[in-house]
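S.K.: For reference, the chains in residue letters:
2 protein chains.
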Amino acid sequence: MTDSKTTDSKTTDSKAPGGKRARLVAAACQAVYQQGIEKTTLADIAAAAGIPVGNVYYYFKTKNDIIQAVVEAHLREADALLAAIESDHDSPRDRLKALFAALAGQVDLIARYGCPHGTLCLELDKRADAPDLAARLMREPVDWAQRQFAALGCPDADALAIEVIARYQGAALLSSTFRDPALMTREATRVATWLDTLPTGPPQSSAHRHAH
Amino acid sequence: MTDSKTTDSKTTDSKAPGGKRARLVAAACQAVYQQGIEKTTLADIAAAAGIPVGNVYYYFKTKNDIIQAVVEAHLREADALLAAIESDHDSPRDRLKALFAALAGQVDLIARYGCPHGTLCLELDKRADAPDLAARLMREPVDWAQRQFAALGCPDADALAIEVIARYQGAALLSSTFRDPALMTREATRVATWLDTLPTGPPQSSAHRHAH
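Chains as they are written, first to last, in our numbering: chain E, -17 to 194; chain Y, -17 to 194.
Where hints are given, some of them may not hold.
One copy or two, it doesn't matter: identical chains are merged, so the pair holds either way.
[To be verified] As a list, the in silico DSBU-like pairs of lysine-lysine whose alpha-carbon atoms are at most 35 Å apart:
hint, residue 1, residue 2
1, Lys2, Lys43
2, Lys21, Lys2
3, Lys21, Lys45
4, Lys43, Lys21
Bear in mind the hints are in silico, worked out from the structure with no lab data behind them.
Just so it is clear, the structure is predicted and the values come from calculations on it, not from any experiment.
Please model the complete structure; the sequences and the hints are all you need to start from.
M.R.: Right, dumping it as structure tokens:
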């Protein structure tokens, strides 16, 4: 994964926040989230970023290049969110609740456009050309949740990680389908209750901290 | 909703199974499932149905007309599946397990293309023109599940219905993202265990059978 925080003199314009490349990637993230990959054109992205379409090709040759950059931007954001949750909460249970709450914190956007990661994965899943990109994006929160359940001493940490991320993704889909932000909020409360009553034990050997 | 089972003399060619309209709708269902709405053209659908593209306009003026027909075909299938489950199983618990098992019975397709209903809803959700279609498609299994939980005497039947359908939809998304059919099978087993241990009570007053 590239480190977007490094901004040496050579890459200042293209990689720094506000640089042309960063503006294009931000515009692409928003366009893909709101209208999907297929409908989004390089011209849309250029217009939203305020950059002549001819210049886009300097940064991205194909639409696939830009999709890759969008996925990498999402991965960096996910990484930053998970790191912030780890530093804010010591208990794995609190961390898992905080993850669901953070995602449910965007209920209005989710009720309109779905989960940014889930909807992107779903579009990528239909394409034959980029299954790895989608898998990387979804693997990140699943593996993180697995480590929290293992630290809680749950022997079925793998299955619980799939369950909690599946519940979140499913709730996001239903919330956007029914245009109902409250559905997502109710599910976050129910997941918190479920986590509070989950039987736990001594930490499992596979437990390890998220490395940064 | 139109009644596809009626085949009077005037509509035999256009509505009967094997008729041109039915072939176009079946081709559209498959194309939309495998490549998504945006990528599917009327020309693709005509070619898959073996019908000259010029004739397609006799049945469907716009892509939206065909999307509407695809959703209606899915609704009829869902209706038939739920009716079959009701006649095969008397216990609401067994019915809920049978629904998840029926969906998980298509694990290989789901691991490649996702849930046909979920992925269609997700694409429709991004469009501004057809939110009602997606909501109708997802309302059907949610309402059916709600009636089963109410018949089981669960006081929170509404929330449980959202939970079980969200778990299925989320598992389908993860299964296709990771290209992992076994993930879906494991989730079906875990949902069955969860249903078996769910505390129940006397049937709730809102319980009523699915009407046909």
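S.K.: Please go over all the hints and tell whether each is borne out by the structure.
M.R.: Each hint tested on the structure:
1. Lys2 to Lys43: Answer is within; shortest intra-copy Cα gap is 15 Å, inter-copy 42 Å.
2. Lys21 to Lys2: both (22 Å within a copy, 29 Å between copies)
3. Lys21 to Lys45: both (11 Å within a copy, 14 Å between copies)
4. Lys43 to Lys21: So Lys43 and Lys21 pass the 35 Å test inside a copy (18 Å) and across (21 Å) alike.
The structure meets every hint from the earlier list without exception.
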